[in-house]
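K.L.:
As numbered in the working numbering, residues 121 to 492 make up the sequence shown, in order.
A few of these clues could be false.
When the alpha-carbon atoms are kept at most 25 Å apart in a straight line, the in silico BS3-like pairs for lysine-lysine are as follows [unchecked claim]:
# : residue 1 : residue 2
1 : Lys180    : Lys155
2 : Lys239    : Lys267
3 : Lys167    : Lys155
Calculated directly from the structure, the hints in this document are not laboratory data.
A quick note: this is a predicted structure, and the numbers were derived from the prediction, not measured.
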Amino acid sequence: MKITQQFLTKTKNVPTPFLMMDLDQVRKNYHRIQKSIDGVEVYYSIKANDHERIVETLAKENCSFDVSSLRELKLLMKIGVSAERIKCFHPIKNAEFLTELHKYGVDRLAADSLEEIDKIAKFAPKSKIVLRIIVDNEGSDWPLTTKFGIEALESIKFFAYAKKKGLEPYGLTFHVGSQCLNKDNWANAMSAMDDIWQKAEKEGMPLTQLSLGGGIPIQHIKKIPSVEEIGKSVNHALKNKFHMVGGRKLRVTIEPGRGLVGDAGIIGSTVVGKAKRGDESWIYVDAGVFNALMETVEGFQYEITTADKRKSKVTSIGGPSCDSVDIPFKNVTIPDVRIDERIYILNAGAYTTVYASEFNGFAPLKIYFLEE
121 MKITQQFLTK TKNVPTPFLM MDLDQVRKNY HRIQKSIDGV EVYYSIKAND
171 HERIVETLAK ENCSFDVSSL RELKLLMKIG VSAERIKCFH PIKNAEFLTE
221 LHKYGVDRLA ADSLEEIDKI AKFAPKSKIV LRIIVDNEGS DWPLTTKFGI
271 EALESIKFFA YAKKKGLEPY GLTFHVGSQC LNKDNWANAM SAMDDIWQKA
321 EKEGMPLTQL SLGGGIPIQH IKKIPSVEEI GKSVNHALKN KFHMVGGRKL
371 RVTIEPGRGL VGDAGIIGST VVGKAKRGDE SWIYVDAGVF NALMETVEGF
421 QYEITTADKR KSKVTSIGGP SCDSVDIPFK NVTIPDVRID ERIYILNAGA
471 YTTVYASEFN GFAPLKIYFL EE
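Turn these sequences into a full structure, and let the hints steer you where they fit.
P.N.:
Here is the structure:
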């Protein structure tokens, strides 16, 4: 999403900090992903941005949803999304959440531990089990290989255990890492998944669902592969893999979060202070780490601009709180700005409002929509 005259007019009197979302861009992203991967079912990972209007917009486009909490499930129930269009691939779920998923009819659940399989068998009996497998995350800005996942060699043992517990071995899921910059990571992971697929079939546990996870990147500072490039690699891998038996049809899903909403939003923030610290120039803005930009704690970078194209300078940017952790950007090159002027943080529609808190009394981002 770029700064346009429509955006500037729309936000002229909107108090900062804000996140302005473009729902038309969300729709375009959904259909673009859908068209790029043969036969894929797109499931929005709600945790990226859980605003009800965004979820409703995608629901009307016939998008499906991946939930990770009871609150997210209740949101989908409220707007009337059917259980068939919902799955939960969060590998750790408490008893209350599992009970409500089961009650509503959501039966495709991920697991990556024997203990989780035990819980599912107890609170959501006869569910379909999708194992989360560890794959290479090299080339992603946010590797995700330590908190979740089992090794591929353990998968048949886990499926056999699930079957013994009265659950159905149903499929495989993996995650190549958030904001993945390597278009071949998905295809490389699929080769490992195919090995498991064939072994499960030989063991009398034919599988149905292959989940490609998330990781679709959006444009920030680094060069990224396009959705079409990723799709081409995935489609090539699908042609000769994942043999199906007994009339079963392969079900391919993908669960983007950032890839659907990230580039559909812009943060607007006001400069509230300036300072010179030795040789460093600093500005202080009302959108900081705690109320808007939590991902920057791990060095995540955004493109920053202003309405007026002035000469640029190297600047560090501090957030509004009285806390030394609140430094979203160090030594970035941006147009020179004055106190009370605004900066704009581009492609910030994902993992901003949902992470925000009221730490130190500074209000989190409010969301507005270009369509309003």
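K.L.:
Quick one, are Lys239 and Lys267 close enough, alpha carbons at most 25 Å?
P.N.:
Judged against 25 Å, a Cα distance of about 19 Å means the pair holds.
K.L.:
Are Lys167 and Lys155 close enough, with their CA atoms no more than 25 Å apart?
P.N.:
Holds. Lys167 to Lys155 sits at ~23 Å (cutoff 25 Å).
K.L.:
For Lys180 and Lys155, compute the direct alpha-carbon distance and say whether it is at most 25 Å.
P.N.:
17 Å, holds
Violated hints are absent here; each numbered hint is respected by the structure.
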